[in-house]
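Novice: Quick note, the sequences are listed as chains A and B, same order.
Just so you know, the first sequence maps onto residues 0 to 158 in numbering that gives the first Met the number 0.
Just so you know, the second sequence maps onto residues 0 to 385 in numbering that gives the first Met the number 0.
Incorrect hints may appear among the rest.
Claimed, not checked - Every beta carbon over 10 Å from chain B, so not counted as near; a handful from chain A, in silico:
1. 39
2. 42
3. 54
4. 56
5. 59
6. 66
7. 89
8. 114
9. 132
10. 138
Claimed, not checked - Covered by chain B, per the in silico footprint, the following chain A stretches (three or more residues, Cβ under 8 Å):
11. 8–19
12. 67–77
Said to hold, decoys possible - Pairs of lysine-lysine residues, derived as BS3-like cross-links and limited to a Cα-Cα distance of at most 25 Å, are as follows:
13. A/31 / B/378
14. B/375 / A/8
15. B/367 / A/15
16. B/250 / B/18
17. B/378 / A/18
18. B/374 / A/79
19. B/264 / A/151
20. B/378 / A/9
21. B/375 / A/12
22. A/133 / A/52
23. B/378 / A/24
24. B/264 / B/5
25. B/378 / B/367
26. B/378 / A/46
27. A/79 / B/375
28. A/18 / A/83
29. B/133 / B/87
30. A/15 / A/83
31. A/79 / B/378
The set of hints was computed from the structure by calculation and includes no laboratory data.
Predicted, not measured: the structure shown is a model, and the values here were computed from it.
Glycine included, each C-beta is placed from N, C-alpha and C at the ideal position.
Here is what each chain is made of, one letter per residue.
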Amino acid sequence: MAKDNFYSKKVLKLFKDQKHFGKIKNAQGIGKVGNPMCGDVMKIYLKISKNKKGKEYIEKIRIETFGCVAAIATSEITAKLFEKKEINKVLKELNYKKILKEVGGLPPFKIHCSLLAVDALSEALYNYFKKSKKKIPKILVKKHKRIIQIDKNIKEKFL
Amino acid sequence: MPIQNKIYLDYAASTPIDKRVLLRMEQFLKYFANPSSIHSLGQEAKKLLEKSRNEVAKIINAEPQEIIFTSSATEANNLAIKGIAFEKGKGRILISSIEHKSVLEPALYLKNKGFKVKFVPVDKYGIINISKFKKMLRNDTILVSVIYASNEIGTIEPIKKIGEICKKKNIPFHTDAAQALGKLKIDVKKENIDLLTGSSHKIYGPKGVGFLYKQKNIKLTPLLHGGGQEFNLRSSTENLPAILGFAEALKIAEKERKKETKRIKKLRDKLIKGVLKTIPNSYLTGHPEKRLPNFASFRFDFVEGESIVMLLNEYGICASTASACASKEITPSHVLVACGLKPFEAQGSLRITLGKETKEKDIDYLLKILPLVIKKLRKLSPYGKR
Numbered sequence: 000m001a002k003d004n005f006y007s008k009k010v011l012k013l014f015k016d017q018k019h020f021g022k023i024k025n026a027q028g029i030g031k032v033g034n035p036m037c038g039d040v041m042k043i044y045l046k047i048s049k050n051k052k053g054k055e056y057i058e059k060i061r062i063e064t065f066g067c068v069a070a071i072a073t074s075e076i077t078a079k080l081f082e083k084k085e086i087n088k089v090l091k092e093l094n095y096k097k098i099l100k101e102v103g104g105l106p107p108f109k110i111h112c113s114l115l116a117v118d119a120l121s122e123a124l125y126n127y128f129k130k131s132k133k134k135i136p137k138i139l140v141k142k143h144k145r146i147i148q149i150d151k152n153i154k155e156k157f158l
Numbered sequence: 000m001p002i003q004n005k006i007y008l009d010y011a012a013s014t015p016i017d018k019r020v021l022l023r024m025e026q027f028l029k030y031f032a033n034p035s036s037i038h039s040l041g042q043e044a045k046k047l048l049e050k051s052r053n054e055v056a057k058i059i060n061a062e063p064q065e066i067i068f069t070s071s072a073t074e075a076n077n078l079a080i081k082g083i084a085f086e087k088g089k090g091r092i093l094i095s096s097i098e099h100k101s102v103l104e105p106a107l108y109l110k111n112k113g114f115k116v117k118f119v120p121v122d123k124y125g126i127i128n129i130s131k132f133k134k135m136l137r138n139d140t141i142l143v144s145v146i147y148a149s150n151e152i153g154t155i156e157p158i159k160k161i162g163e164i165c166k167k168k169n170i171p172f173h174t175d176a177a178q179a180l181g182k183l184k185i186d187v188k189k190e191n192i193d194l195l196t197g198s199s200h201k202i203y204g205p206k207g208v209g210f211l212y213k214q215k216n217i218k219l220t221p222l223l224h225g226g227g228q229e230f231n232l233r234s235s236t237e238n239l240p241a242i243l244g245f246a247e248a249l250k251i252a253e254k255e256r257k258k259e260t261k262r263i264k265k266l267r268d269k270l271i272k273g274v275l276k277t278i279p280n281s282y283l284t285g286h287p288e289k290r291l292p293n294f295a296s297f298r299f300d301f302v303e304g305e306s307i308v309m310l311l312n313e314y315g316i317c318a319s320t321a322s323a324c325a326s327k328e329i330t331p332s333h334v335l336v337a338c339g340l341k342p343f344e345a346q347g348s349l350r351i352t353l354g355k356e357t358k359e360k361d362i363d364y365l366l367k368i369l370p371l372v373i374k375k376l377r378k379l380s381p382y383g384k385r
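Kindly generate the complete structure, drawing on both the sequences and the hints.
Specialist: In structure tokens:
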């Protein structure tokens, strides 16, 4: 794990070398989450296709991030990990512990940044299912409700 | 000359020890004896201690018995604020809304203990609102504390004016001069200052030493009880080598102040002009003129400060930010918010502080790199202007 107040080499490398940043025109799914208190914002764009087995997968992920080193690094690793993956696998594997492990840990007070990437991707998938009028998987509905509620709580409490 | 091959532009955070200071400290390391001992070695140490006290006092126009050496500026701020509060037992404390944490936190601690603590508002440059301040003074006000010059934006406060107002109302006035000492002419008598905090490692002295000037009629309750050193206000065996180094550093700073101010201001103004000209949506924070000579502080739209600092670091440049992401807080800098900035605006802050080793070529290099860094980060940002 990264030491308190210090970033691992892997985090710094991901921060410096982003390959998944930008927009996707006519994206099939867009997810935007932020922390209204500190102002960090993450936006994820998805292009979804079907693979040879006929299963839906994420063909392309692009991300835009306004935030710190941890937020930028976790956006990049999230895109790297889940691009080209089948959606049902993404739903199973998407959690912040996995992201944290992949970046080699984050200082304790930076862990919320890794949540931001997980939430943005799950919101983008939620948006995809909703827009394409498909049945939204339960796990995404649950996460969506939680994200909206947290946002509301923070706004009521602090802004 | 770059420090360890880096371009160090974070002199407000700390400074390297001046060679002349180090030399003096080394010379006196052999004076190990306790200044409280009555034998000859102890008395030699005592003599050196009092010489340093005299030197410090003279520079800020105080009397030697009004200088209390502490372990840090944080300790001096705590001693001033809690010392007055514990002495009075109750009452109202006014502090500016742009104080350093080492004033803010003791004040909040006291608030928790039942004291009334109020924050004096500032304008968009961070300068205290005098008319509002006057209205906030009450009969039960036991202390006013206003930072001499901001550690985040470099704005210099109207200390003399505040001192006058406090004197008329007979209210003790404390100022945290950790950033201002050695850079501005300070005269505690002319400026009607009752308590003033100074720091050594901000002026090329050693770490682990600071002082509190306390006007002789002000009464404080000590934080440390013990052997009764420092006029019974700060028990602990005195850190003689550090104190000697501090006094030497302050003497050098004062001697070279005018010349160095002129040199560094020129570099700072070149930097400010260059940044505002070459980077779109960039802004100076703090007052354009009433600012410390070595301070340049900015904010940039659409990007976050910690990312800026870490990318600059990749190019060998050491700078600082007040962004929430760079601290352990969730909310952005209280100083920038007090100046009227929205949280997401305060997130894009960058503090560049110059010092003795800063050369024109360092500023030229920064002016070349910073626009690239901002441009790169804006490309990643959803708000981004590309």
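Novice: Determine for every hint whether it applies to the structure shown.
Specialist: How the hints compare with the structure:
For residue 39 of chain A, the requirement that its beta carbon stay farther than 10 Å from each beta carbon of chain B is not met, with the minimum near 7 Å. At roughly 4 Å, the least C-beta separation between residue 42 of chain A and chain B is not larger than 10 Å, which violates its mark as non-interface. Once the 10 Å rule is applied to beta carbons, residue 54 of chain A is consistent with being away from chain B; the minimum gap is 30 Å. No beta-carbon of chain B comes within 10 Å of the beta-carbon of residue 56 of chain A; the shortest separation is about 25 Å.
Separation of residue 59 of chain A from chain B is adequate, the least Cβ-Cβ distance of about 17 Å exceeding the 10 Å criterion. Distance check on residue 66 of chain A: its Cβ comes as close as 5 Å (rounded) to a Cβ of chain B, failing to clear the 10 Å threshold; non-interface status is violated. For residue 89 of chain A, the requirement that its beta carbon stay farther than 10 Å from each beta carbon of chain B is met, with the minimum near 22 Å. For residue 114 of chain A, the condition that its CB be more than 10 Å from all CB atoms of chain B holds, with the nearest at approximately 13 Å.
At roughly 26 Å from the closest C-beta of chain B, the C-beta of residue 132 of chain A stays outside 10 Å, upholding its exclusion from the interface. Every C-beta of chain B lies more than 10 Å from that of residue 138 of chain A, the closest at about 25 Å, which supports listing it as non-interface. Residues of the stretch 8–19 of chain A with a Cβ under 8 Å from some Cβ of chain B number 4, which satisfies the need for three, so the listed coverage holds. Under the rule that three or more residues need a Cβ within less than 8 Å of chain B, the assignment of the stretch 67–77 of chain A holds, with 5 such residues.
Restraint check for residue 31 of chain A and residue 378 of chain B: satisfied, since their Cα atoms lie roughly 17 Å apart, inside the 25 Å limit. With a C-alpha separation of about 20 Å, the suggested pairing of residue 375 of chain B with residue 8 of chain A holds against the 25 Å cut-off. Our distance criterion of 25 Å between C-alpha atoms is met by residue 367 of chain B and residue 15 of chain A, whose separation comes to about 18 Å. Annotation: proposed proximity of residue 250 of chain B to residue 18 of chain B holds, straight-line Cα distance about 14 Å (limit 25 Å).
For the given pair, residue 378 of chain B sits about 12 Å from residue 18 of chain A by alpha-carbon distance, which is consistent with the 25 Å threshold. Distance check on the hinted pair: residue 374 of chain B and residue 79 of chain A sit about 23 Å apart at the alpha-carbon level, within 25 Å; holds. A threshold of 25 Å between alpha carbons decides the hint, and for residue 264 of chain B with residue 151 of chain A the separation of about 47 Å lies outside it, so the pair is violated. The suggested pairing of residue 378 of chain B with residue 9 of chain A holds, with an alpha-carbon distance near 21 Å, which does not exceed 25 Å.
Only pairs whose Cα atoms come within 25 Å are accepted, and residue 375 of chain B paired with residue 12 of chain A is accepted, the gap being roughly 15 Å. A C-alpha spacing of about 19 Å is found between residue 133 of chain A and residue 52 of chain A, which places the hinted pair at or below 25 Å, so the restraint holds. Simply put, residue 378 of chain B and residue 24 of chain A have alpha-carbon atoms about 16 Å apart, close enough for the 25 Å limit, and the pair holds. The straight-line distance between the Cα atoms of residue 264 of chain B and residue 5 of chain B is roughly 21 Å, inside the 25 Å bound, and the hint therefore holds.
For the given pair, residue 378 of chain B sits about 18 Å from residue 367 of chain B by alpha-carbon distance, which is consistent with the 25 Å threshold. Between residue 378 of chain B and residue 46 of chain A the alpha-carbon distance is near 20 Å, which keeps this suggested pair within the 25 Å criterion. Under the criterion of a C-alpha separation no larger than 25 Å, the hint pairing residue 79 of chain A with residue 375 of chain B is consistent with the structure, at around 20 Å. This hinted pair checks out: residue 18 of chain A and residue 83 of chain A have alpha carbons roughly 14 Å apart, not beyond 25 Å.
Our distance criterion of 25 Å between C-alpha atoms is met by residue 133 of chain B and residue 87 of chain B, whose separation comes to about 22 Å. About 23 Å separates the Cα atoms of residue 15 of chain A and residue 83 of chain A, which keeps this hinted pair within 25 Å; it holds. Our distance criterion of 25 Å between C-alpha atoms is met by residue 79 of chain A and residue 378 of chain B, whose separation comes to about 19 Å.
In terms of the numbered hints stated before, the structure departs from hints 1, 2, 6, 19, listed from lowest to highest.
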